[in-house]
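Residue numbers (our numbering), protein chains in the order written: chain H, 1 to 307; chain S, 1 to 307.
Since the hints were derived computationally from the structure, they do not count as laboratory data.
Be aware that a few hints might be false.
Since copy identity is lost for identical chains, a pair holds within one copy or between any two.
[Claimed, not checked] Taking lysine-lysine pairs in the DSBU-like style, the calculated list, with each CA pair at most 35 angstroms apart, reads:
no., residue 1, residue 2
1, Lys276, Lys162
2, Lys54, Lys241
3, Lys241, Lys154
4, Lys299, Lys276
Next come the chains, spelled out residue by residue.
Number of protein chains: 2
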Amino acid sequence: MSFSVTILGSSSARPTPSRHPSAQLVNVHEQHYLVDAGEGVQQQMVRAGINPLKLKAIFISHLHGDHVFGLFPLLSTLGLYGRRTPLPIYAPAPLGEILECHRRYFDTDLPYETEWHEVRTTEHALLWENRTLEVWSIPLRHRVPTSGFLFREKRPPRNVDKFKIAKYNLTIAQIAEAKRGEAVELDTGEVLNNEELTYEPYKPRSYAYLSDTAWSPKAAELCRGVDLMYHEATYATAERKNARLRGHSTTEEAARAALRASAGRLVIGHYSSRYKDENVLVEEARTLFPNTCAATEGKTFTIEKQR
Amino acid sequence: MSFSVTILGSSSARPTPSRHPSAQLVNVHEQHYLVDAGEGVQQQMVRAGINPLKLKAIFISHLHGDHVFGLFPLLSTLGLYGRRTPLPIYAPAPLGEILECHRRYFDTDLPYETEWHEVRTTEHALLWENRTLEVWSIPLRHRVPTSGFLFREKRPPRNVDKFKIAKYNLTIAQIAEAKRGEAVELDTGEVLNNEELTYEPYKPRSYAYLSDTAWSPKAAELCRGVDLMYHEATYATAERKNARLRGHSTTEEAARAALRASAGRLVIGHYSSRYKDENVLVEEARTLFPNTCAATEGKTFTIEKQR
Numbered sequence: 001m002s003f004s005v006t007i008l009g010s011s012s013a014r015p016t017p018s019r020h021p022s023a024q025l026v027n028v029h030e031q032h033y034l035v036d037a038g039e040g041v042q043q044q045m046v047r048a049g050i051n052p053l054k055l056k057a058i059f060i061s062h063l064h065g066d067h068v069f070g071l072f073p074l075l076s077t078l079g080l081y082g083r084r085t086p087l088p089i090y091a092p093a094p095l096g097e098i099l100e101c102h103r104r105y106f107d108t109d110l111p112y113e114t115e116w117h118e119v120r121t122t123e124h125a126l127l128w129e130n131r132t133l134e135v136w137s138i139p140l141r142h143r144v145p146t147s148g149f150l151f152r153e154k155r156p157p158r159n160v161d162k163f164k165i166a167k168y169n170l171t172i173a174q175i176a177e178a179k180r181g182e183a184v185e186l187d188t189g190e191v192l193n194n195e196e197l198t199y200e201p202y203k204p205r206s207y208a209y210l211s212d213t214a215w216s217p218k219a220a221e222l223c224r225g226v227d228l229m230y231h232e233a234t235y236a237t238a239e240r241k242n243a244r245l246r247g248h249s250t251t252e253e254a255a256r257a258a259l260r261a262s263a264g265r266l267v268i269g270h271y272s273s274r275y276k277d278e279n280v281l282v283e284e285a286r287t288l289f290p291n292t293c294a295a296t297e298g299k300t301f302t303i304e305k306q307r
Numbered sequence: 001m002s003f004s005v006t007i008l009g010s011s012s013a014r015p016t017p018s019r020h021p022s023a024q025l026v027n028v029h030e031q032h033y034l035v036d037a038g039e040g041v042q043q044q045m046v047r048a049g050i051n052p053l054k055l056k057a058i059f060i061s062h063l064h065g066d067h068v069f070g071l072f073p074l075l076s077t078l079g080l081y082g083r084r085t086p087l088p089i090y091a092p093a094p095l096g097e098i099l100e101c102h103r104r105y106f107d108t109d110l111p112y113e114t115e116w117h118e119v120r121t122t123e124h125a126l127l128w129e130n131r132t133l134e135v136w137s138i139p140l141r142h143r144v145p146t147s148g149f150l151f152r153e154k155r156p157p158r159n160v161d162k163f164k165i166a167k168y169n170l171t172i173a174q175i176a177e178a179k180r181g182e183a184v185e186l187d188t189g190e191v192l193n194n195e196e197l198t199y200e201p202y203k204p205r206s207y208a209y210l211s212d213t214a215w216s217p218k219a220a221e222l223c224r225g226v227d228l229m230y231h232e233a234t235y236a237t238a239e240r241k242n243a244r245l246r247g248h249s250t251t252e253e254a255a256r257a258a259l260r261a262s263a264g265r266l267v268i269g270h271y272s273s274r275y276k277d278e279n280v281l282v283e284e285a286r287t288l289f290p291n292t293c294a295a296t297e298g299k300t301f302t303i304e305k306q307r
């Protein structure tokens with residue numbers, strides 16, 4: 001029942017010897033989701049010990065090269081690896097057209113389907129859902145249409161007390177009723193209140209990915225109560241003007257977003273190549289939001305269960 | 001007057017944690033040429049201390065992703081860096097169409113021109129020429145149209161003896177005549193034979209890039225006398241069948257090509273990801289061609305001047 005985020009790339013557009021462009025792997029209950037796909041993402045996955053074949057879906061925030069150029073080689077390699085399962089890709093338009101171009105020139109015989117789903121970057125909408133997870137779009141403010149992503153674990157079923165299962169000799173059907181929060185009627189006709197059999201499950205966990213964006217109080221509001229927030233901090237506070245000009249955020253703005261959302265923890269990244277040491281940026285953000293960490297390649301942030 | 005080759009990527013298509021897909025930087029008299037552009041090539045250039053803005057031209061052997069996916073991010077980044085000089089790119093068709101797609105979606109305001117020149121992969125033709133260098137295509141045998149590249153330094157001008165310049169008080173025009181191999185008439189009317197003033201320059205140097213290809217005696221013949229030959233050796237000799245099936249070469253075939261061309265030195269690369277240690281492959285090739293080296297990321301092979 002894991003919930004974690006592994007940083008595959010922490011840099012902005014200009015390459016540096018050690019940082020890679022934006023990409024992250026979100027692991028929810030051992031289901032793998034890729035968020036952005038900067039150049040080199042497939043090698044970064046291999047380095048982090050992540051099997052690219054296990055990808056459930058890909059979410060692309062916007063169509064700037066440093067967030068998407070690693071997608072095309074990854075798609076080709078998944079073909080080499082023999083993927084057969086269709087691969088959903090959530091991204092703004094016109095990714096569908098671009099994928100078609102790529103396929104025409106490089107992957108005419110790809111053994112699986114790529115399913116592009118358009119992300120409307122002005123809407124806060126449910127994009128993806130399965131038994132345990134929802135992924136929502138978060139409109140962002142950048143130079144091109146851009147969407148963040150909010151990963152929300154669904155409320156887990158109630159926990160059924162093992163001792164009560166033994167005591168009342170519950171059947172699988174009765175356990176399922178209890179998990180759903182229902183009362184259970186025993187074979188004897190006796191009816192047990194749900195509270196008698198179950199206890200509160202852990203709190204659903206959540207992760208927000210907000211990149212690239214200028215300061216956006218609305219985006220922060222949509223992430224209210226999030227356990228872990230990634231917010232880009234391309235620039236130090238002194239570069240406020242530059243940030244505004246380029247549709248990016250400063251460390252201070254990232255920290256303010258985390259404060260506004262009452263986030264549990266903040267991770268910053270998408271560092272401009274001018275900052276050789278990202279700790280300068282982290283220290284700045286910490287003056288406003290102490291629980292701030294640096295995105296660095298290969299680092300995994302785990303959200304532990306809490307009751 | 002350097003002549004060297006720096007390996008930026010040594011792997012075949014499947015990514016490994018440490019090897020990068022095919023790319024090399026050929027430096028001839030401090031003019032930089034990129035040969036193939038696998039994913040991550042721009043970061044590999046930065047790591048090797050090579051300024052991407054200094055690129056004179058790019059040569060792409062064929063349009064398989066592991067030789068070209070790094071081109072598009074590189075072109076975008078050169079725009080970010082503010083390149084203004086047109087960039088010639090030599091590659092088989094339909095690279096022109098693909099560049100157009102890329103430009104339409106990612107680089108509508110690129111501040112320089114990309115000039116695609118079609119490489120006809122069945123012809124041994126002169127592709128590029130300047131004062132000191134010629135680059136020739138070498139038809140190869142692969143699953144798609146593929147061309148190798150032969151970098152041939154032009155014959156350097158004759159060396160004019162410094163003592164003779166002083167002795168006869170030669171003018172710049174007279175020195176130029178001597179360099180061209182001509183006789184020189186002094187102001188006194190005396191005519192000096194060229195041999196009196198000059199001595200043999202160093203031998204023109206050459207480098208052949210042969211990847212990807214199945215065994216091709218014709219390609220080897222076209223590289224006769226080459227100082228340094230890079231030949232792909234995707235597989236060990238035992239995998240001969242697999243190599244043939246995939247249009248690749250074994251270590252033995254790479255060594256035979258070097259023997260056939262009477263190459264000075266052989267570098268092998270494009271290793272299948274199954275070989276964790278490339279020395280196994282190098283040892284095999286050395287049994288036939290002792291002067292064989294392994295392509296490894298960041299390694300530079302220099303061709304020294306010889307008289």
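The hints, checked one at a time:
1. Lys276 / Lys162: neither (53 angstroms within a copy, 49 angstroms between copies)
2. Lys54 / Lys241: between (42 angstroms within a copy, 31 angstroms between copies)
3. Lys241 / Lys154: Result: close neither inside a copy nor across copies, 40 angstroms intra and 52 angstroms inter.
4. Lys299 / Lys276: For Lys299 and Lys276, the Cα distance is within 35 angstroms both inside one copy (18 angstroms) and across copies (25 angstroms).
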